[in-house]
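Participant: Listed below are the residues making up each chain.
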Amino acid sequence: MNIEEGKILCMQGDHPHSFYIVKKGTLVASFKDEQNEIQTKNLGPGSTFGEMSLVEGEPLEYTVRAEEDCEIEVIPQSLYHEAMEEQPLWMQSVLSFLTKRNHIAQENKRKKEFITTFPSLLFILSKSSDKLIYLKNIKNELKNFSSLSSLETYKLLLILQDFRLIRLQAETLTIENENLINLLYETLRHRAIYKSASHNILSIIEQAILTAFVKAAGEKGEHQPNGFVAVKTTDLAAQTKHSMHGMSLTMRSLETLLQKRLLQASPETSTKINDVAGLENIEKFSADFDKILNLLELNRIYPQLDKKLVVSG
Amino acid sequence: MIRGDSRKKLIPPTQLSVKAGFVVYSPQDEEKKIILLNEGELVALDPKVNNKVVFKIRPGNLVGVGSLLEREPIRYVFQASVDSSITVINDECMESELKSLPVWLLAVIKAISARTRRINESIRSAKTANPLAGLATFCKFFKKDEFLQTKALLQEFSWLTKTPMPTASEALKTLIRRKLVVFQGDSSCLTIPNPYLLGIFSDYQKAKDLDKPWHPFNLTLQQKRILVLLSTLENGTSKDATAWIAFFKERNLEISVADWLQMQQFEWFTERANHLLSLDLEKISYFETALKYEQNIKGTVK
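Chains as they are written, first to last, in the numbering used here: chain G, 1 to 313; chain F, 1 to 302.
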């Protein structure tokens, strides 16, 4: 078929069920990408398009306009079916395999983009000086790191909202816990760069002791001038026993928490297990209460994160 | 319509009956082929994990398409788990079949393959088309004059954007040459003297990539004078278009309607109710900063 300069051959989203081969002249294909930005490319002699429309009936990805008078060969789906009937069965299987593989690749790309954009989103949020941020601004900044669509970006934000890190409004979001966003980002960064778990990821025993500390502090904690909260050793031991189904608090179980300085003993003691006096010599333990709460929350969120990203993506 | 060649020259595929345990295709095989399972069952064994069964292939399914058409390496050993019947399509057979296809059908197959290849390449490639603009954007998020570890910063950027480390290092060198980033002591540490400027630089790079004129460096002398005048006003100063033009005229800065229309594109003013145009000092500051550091942005700084 011939198409005059300036005429539109087909529109993005159309279902022509046809394949096009440019024989003569140049056409311009324009399309809106994932972020609604218009991209263009030239289609000169020998260029083809519409293969997925022909084989799978998918909508066209481009609006195609003739830049000059052009000659196009159009292959309709009826001709395709006719030609395929003449092919051996295995050739039809090959073609079906190729289209299936294309769909798998597209899906892999979308999922991978979704998962790998999550740290970038955390990075942007962690660096924000404002607690109230326009969604439009987040999406604009994210464009520098990812080609994720607005809808997919919103899905990532919903994950953060589920974790109570942010609260979404119509056009804005409010950062609910910036320290936890930082902690989560740093934990992911550590895992990716150093290929090991960050020290923020606590063992079950560490989590149990800190949970007991939080409970004891809530009931009988003393606020200290440095902003820390102190708990008497006897109260911590009793709470640990209660929470850990009868398990006793020992210096061995406390060792890593003291080494990480998440808990501080008073009077101060060595963190090397062989040097330490018994637990009876420690009057109380103190800690940065907010930091402990955030760490415990991080350890609640972190194991769910990968699954949540895969399921939502 | 070009219909392709006659089917007389076709090399037919090989039909085989194989016993259970027979390996039909393995990564060691030199000959590339497609195996179509007609009857029976094949299992895919992973040689890297003690030949663990990874998946099973049922009749009607194929293996080796990527290997034959795209020359991709095959990962698994395919073995018959029961007595099976297979069709083997090797290079010669496929070539003769492809030659017999109508040219357009061959073009369809090639287009689908190329499309998948492009998608797979894009999965592996960096997320930022312009690593220099990407690194500048990344750096703008850090605090002014904060001491940053060079290696850690590059690793973090590389992780977020999948930019290879050597490319990221080259981009950093460019930012250093433009004095947008400054090494401290030896090159193990760096600081960012003006994070805001890095954002502007990134915008400049993006406009260059798109071959679009970048407004701050395309102002006429009169527009520059107006920029200076506007920078002395209060943020949010509002007038309608006629009043603004008259305001400039009173200060010997007469502008044409064309000039005025062009200035609308600079976004120095935001539209308010009653056709009022409100001055956006943030945008004015953006243009001023760009002009002040033009040499750094363009890379002509000494």
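Hints may contain errors.
[Unchecked claim] These stretches of chain F come out as covered by chain G in the derived footprint (C-beta under 8 Å, 3 or more residues): (1) 56-68; (2) 133-143; (3) 222-232; (4) 238-252.
[Stated by the list, open to error] Sample of chain G residues facing chain F (criterion: CB under 10 Å; computed from the structure): (5) N2; (6) L89; (7) I104.
Simulated from the structure, these hints should not be mistaken for lab results.
Owing to the predicted nature of the structure, the values given are computational and were not obtained by experimental measurement.
Glycine included, each C-beta is placed from N, C-alpha and C at the ideal position.
Participant: Now look at each hint and say whether the structure bears it out.
Facilitator: Status of each hint after checking the structure:
1. 56-68: n = 5 at 8 Å, threshold three: holds.
2. 133-143: Three-residue rule met by the segment 133-143 of chain F, so holds; n is 6.
3. 222-232: violated (count 0)
4. 238-252: violated (count 0)
5. N2: 16 Å, violated
6. L89: Given a least distance of 8 Å, the restraint on L89(G) holds.
7. I104: 9 Å, holds
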